[in-house]
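**Student:** Sequence:
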Amino acid sequence: MQKYAMQLLDIGVQEPMIAKLIKHLTQFVETQPLDLTKFAQSLPEELRQPLSDLYLEFEDDDSNITKEFEKARRRHAVLALKERMQEIAHRMAELEQKTMQTAEEEQTLKSLQDELVLVGEKIQVFEEEMM
0 MQKYAMQLLD IGVQEPMIAK LIKHLTQFVE TQPLDLTKFA QSLPEELRQP
50 LSDLYLEFED DDSNITKEFE KARRRHAVLA LKERMQEIAH RMAELEQKTM
100 QTAEEEQTLK SLQDELVLVG EKIQVFEEEM M
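In this text, residue positions in the sequence shown follow numbering that gives the first Met the number 0: the first is 0, and each later residue adds one.
Derived from the structure by calculation, the hints contain no laboratory data.
A few of these clues could be false.
Label pairs and their calculated CB-CB ranges [as the list claims (entries may be wrong)]:
id, residue 1, residue 2, range
1, Pro32, Glu93, 36 to 44 Å
2, Met129, Gln48, 25 to 33 Å
3, Gln106, Leu33, 42 to 50 Å
4, Thr30, Glu104, 45 to 53 Å
5, Lys19, Gln112, 36 to 44 Å
6, Lys121, Pro32, 29 to 37 Å
7, Lys81, Leu35, 28 to 36 Å
Straight-line alpha carbon distances no greater than 30 Å define the calculated DSBU-like cross-link-like pairs of lysine-lysine that follow [claimed, not checked]:
id, residue 1, residue 2
8, Lys81, Lys19
9, Lys97, Lys109
10, Lys22, Lys66
11, Lys81, Lys70
12, Lys109, Lys121
13, Lys66, Lys19
14, Lys22, Lys37
15, Lys121, Lys66
16, Lys22, Lys70
17, Lys37, Lys19
18, Lys66, Lys37
19, Lys70, Lys121
20, Lys109, Lys81
21, Lys70, Lys37
22, Lys66, Lys81
23, Lys19, Lys70
Here a beta-carbon is modelled for each residue, glycine too, at the ideal position from N, C-alpha and C.
All chains, full assembly: derive it from the sequences and hints.
**Tutor:** Right, here's the structure in full:
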């Protein structure tokens, strides 16, 4: 559970309440085994209802939680990677607009091109896993 929580935090969760829940969960499991009742009691009041809503959504099938968590992690990974692709493309466009590039800028452009390929491959892997 902690592994999944850390991965989601590393990727960057877009939903603020979920991100807060994940942060609290990560801190909680660092000090003790996961006990949902104790975890819920340790949360600030504002996070108890969202946790309850999430729990009710998955209470019938614990394995479904892991599957849904993994799907969410992959979706967020793809979104983060696509954002990175846009950043790379923007930076490359800036460098390519210059008529005279320094050796350092040429190297940066090459590195960005290589990174763009790698990011594209990672997106493809995640998207294939989601199918």
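**Student:** Of all the hints numbered above, which does this structure not satisfy? Sort the numbers upward.
**Tutor:** Those not satisfied come down to hint 1.
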